[in-house]
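Colleague: Taken in sequence, the protein lines are chains A and V. To get our numbering, take the position in the first sequence, counting from 1, and add 8. To get our numbering, take the position in the second sequence, counting from 1, and add 4.
Don't read these hints as lab results, they were simulated from the structure. Each hint should be verified, as a subset may be incorrect.
[Said to hold, decoys possible] Derived lysine to any residue pairs resembling SDA-like cross-links, with alpha carbons at most 20 Å apart:
#1 A:K110 to V:G327
#2 V:K203 to A:E32
#3 V:K203 to A:P31
#4 A:K172 to A:T128
#5 V:K184 to V:E196
#6 V:K203 to A:W25
Because the structure is a prediction, the values reported are computed rather than measured.
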Amino acid sequence: MAGQYKKVNRGVTLTLWERLYIPEVLRGIMITAGHFFPNLISTAKAYITGKPEQRKIMTIYYPEELPTIPEAYRGRPVLVRGADGKEKCVACGLCEVACPPKCISLTGGMRDDGTRYPTTYTLNGAVCIFCGLCEEACPEEAIVMSHDYQNLCEYDRSLMVYDKEALLIPQEKLTRRLDYIRRRMYSKCNY
Amino acid sequence: MQDNRMDLHTEPLILNMGPSHPATHGTVRFLLKMDGERILHCETEIGYLHRGFEKHCENGTWTQAFPYTDRLNYNSAIQNNVAYALAAEKLLGITDKMPDRCTAVRTIMCELARLADHYTNLGAATLELGALTAFLYFVEARELVWDLIESVCGARLTSNYVRIGGLATDLPEGFDAHVKQVFAKNRELWVEFDKLLTKNRIFLDRMRDTGAISKEDAIAYGFTGPCLRAAGVEYDVRKANPYLLYADLDFDVPVGFTGDNFDRYLIRMEEINQSIRIIEQLLTKLPKGPINVDNPAVRNPSKEAVKSVMESMIHHFKNTIEGIKIPAGEAYVPTEGSNGEVGFYLVSTGGGKPWKCRVRPPCFALTQAMGQMVQGAFLSDIIPTFDMINLIGGECDR
Numbered sequence: 009m010a011g012q013y014k015k016v017n018r019g020v021t022l023t024l025w026e027r028l029y030i031p032e033v034l035r036g037i038m039i040t041a042g043h044f045f046p047n048l049i050s051t052a053k054a055y056i057t058g059k060p061e062q063r064k065i066m067t068i069y070y071p072e073e074l075p076t077i078p079e080a081y082r083g084r085p086v087l088v089r090g091a092d093g094k095e096k097c098v099a100c101g102l103c104e105v106a107c108p109p110k111c112i113s114l115t116g117g118m119r120d121d122g123t124r125y126p127t128t129y130t131l132n133g134a135v136c137i138f139c140g141l142c143e144e145a146c147p148e149e150a151i152v153m154s155h156d157y158q159n160l161c162e163y164d165r166s167l168m169v170y171d172k173e174a175l176l177i178p179q180e181k182l183t184r185r186l187d188y189i190r191r192r193m194y195s196k197c198n199y
Numbered sequence: 005m006q007d008n009r010m011d012l013h014t015e016p017l018i019l020n021m022g023p024s025h026p027a028t029h030g031t032v033r034f035l036l037k038m039d040g041e042r043i044l045h046c047e048t049e050i051g052y053l054h055r056g057f058e059k060h061c062e063n064g065t066w067t068q069a070f071p072y073t074d075r076l077n078y079n080s081a082i083q084n085n086v087a088y089a090l091a092a093e094k095l096l097g098i099t100d101k102m103p104d105r106c107t108a109v110r111t112i113m114c115e116l117a118r119l120a121d122h123y124t125n126l127g128a129a130t131l132e133l134g135a136l137t138a139f140l141y142f143v144e145a146r147e148l149v150w151d152l153i154e155s156v157c158g159a160r161l162t163s164n165y166v167r168i169g170g171l172a173t174d175l176p177e178g179f180d181a182h183v184k185q186v187f188a189k190n191r192e193l194w195v196e197f198d199k200l201l202t203k204n205r206i207f208l209d210r211m212r213d214t215g216a217i218s219k220e221d222a223i224a225y226g227f228t229g230p231c232l233r234a235a236g237v238e239y240d241v242r243k244a245n246p247y248l249l250y251a252d253l254d255f256d257v258p259v260g261f262t263g264d265n266f267d268r269y270l271i272r273m274e275e276i277n278q279s280i281r282i283i284e285q286l287l288t289k290l291p292k293g294p295i296n297v298d299n300p301a302v303r304n305p306s307k308e309a310v311k312s313v314m315e316s317m318i319h320h321f322k323n324t325i326e327g328i329k330i331p332a333g334e335a336y337v338p339t340e341g342s343n344g345e346v347g348f349y350l351v352s353t354g355g356g357k358p359w360k361c362r363v364r365p366p367c368f369a370l371t372q373a374m375g376q377m378v379q380g381a382f383l384s385d386i387i388p389t390f391d392m393i394n395l396i397g398g399e400c401d402r
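Start from the sequences, fold in the hints, and give me the full structure.
Modeller: Right, dumping it as structure tokens:
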């Protein structure tokens with residue numbers, strides 16, 4: 009084992025110059041000015057040229073500008089609508105038992121061709137903790153964490169209860185997340 | 005002055021500080037007995053954030069406890085995930101069988117969480133001492149670290165990243181380059197933070213020789229982490245009882261002299277550098293390969309296997325519905341959290357749910373010494389002392 013316990017340098021002694029205080033204040037102002045003026049100038053420049061990426065400041069102007077969401081991002085859980093327009097969900101109920109705060113409830117039914125589907129599917133967005141365990145439990149890739157993070161809050165909790173229609177999203181809109189979970193999360197190479 | 009007081013029949017002032025005070029990050033109440041500006045007695049009252057975490061864990065499967073461990077020390081959620089997973093893996097007896105990549109990635113993520121925690125702690129401490137600018141620099145550094153964590157596990161705070169026998173996801177593509185870019189910026193910010201504060205006279209007056217605790221008292225109170233090392237005790241779980249890959253890594257552990265707030269500050273500043281050093285070492289020799297243990301009874305099989313192999317499908321359903329079957333027994337694995345020793349004491353009766361899940365939170369032990377550390381000090385000394393303890397309500401009150 010390399011490396012060891014090392015004593016910190018506690019004996020910070022101030023020279024006369026530092027104890028005079030005013031030069032130290034000026035030095036501090038120099039440091040903050042080194043942040044302030046580049047930020048100010050680059051923001052002004054970005055405003056004039058209309059290129060927001062030139063701004064050196066970290067903050068973004070939400071909601072005019074939106075942050076780049078990484079592929080792994082876990083947003084609102086949604087149900088996938090397959091290419092044939094039907095739900096991919098087979099109403100096995102695994103998401104219901106895997107959910108730690110128990111925010112999912114569903115009832116299953118059978119189509120005329122013998123395939124199973126959820127007749128009702130309710131996800132309480134006010135209770136959901138966005139943990140992604142439903143996605144991990146689903147054997148059909150029917151529920152995934154979308155990259156949806158806007159307009160999820162309401163003044164009334166009953167408006168945050170999503171029914172099946174509100175949850176179903178066509179799979180073309182979810183390709184980024186579906187690709188990611190197939191490639192990095194639940195793929196064979198990880199085992 | 006003494007005579008005057010006798011004549012005036014003054015009595016000590018009882019002052020309530022908290023539970024919702026702007027300078028106490030976290031809901032905690034101090035009941036202070038004041039003689040002017042001097043503190044005669046300080047009583048700490050905790051428990052305002054009690055949510056029954058330990059009881060809650062008993063009602064879900066082993067896997068379902070992970071999202072709740074995130075909410076203990078929310079600044080370094082991944083360390084809690086790892087501590088819980090290590091204890092569960094010890095019960096399962098698969099500690100030696102963990103894939104190399106899994107252990108390496110866990111170590112990287114633990115150190116990233118430590119970075120985020122120290123940035124928050126030091127930044128918030130300076131904010132409460134009135135140095136807003138320094139706070140903004142470290143919050144920017146923390147923001148960049150959280151961007152890294154978000155790109156790996158999909159959330160900034162509620163990571164839910166580790167699983168028993170593996171990890172939720174692999175590192176994303178281009179992680180190395182992203183880390184390099186972030187660390188270059190963070191080093192600059194560290195230097196500027198250091199320049200603004202370490203030799204700042206006001207900061208020194210507030211920090212130096214306040215909230216000191218002796219070596220013996222620190223051990224008697226059960227201190228761990230930066231606060232114990234500040235008192236001069238050479239104890240770090242990563243060195244004393246290595247877990248994950250810490251035994252093979254080259255890093256130093258800073259130790260202080262007097263146990264005052266300035267020592268704690270210096271130790272945290274140095275630990276930031278050491279964490280960066282650890283992550284850079286690990287990234288150069290990051291092994292390739294699987295991240296999950298190949299044991300379908302412990303870790304859910306891959307989705308391809310679930311769709312094509314009947315046994316995998318059965319395992320997947322049984323693991324999710326009944327929970328992973330962990331053999332009866334009890335286990336505790338100490339790990340070095342950002343604040344001190346974090347450990348989960350797990351008891352299993354062989355079922356799919358924890359029979360008992362007890363957390364050892366570091367700041368619980370630190371907070372109980374608050375009264376002694378500020379005894380006889382000024383009221384304003386509570387602020388730096390409490391900042392350097394770094395009480396996290398979610399972890400202390402569980």
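Colleague: What are the numbers of the hints the structure violates, in ascending order?
Modeller: none
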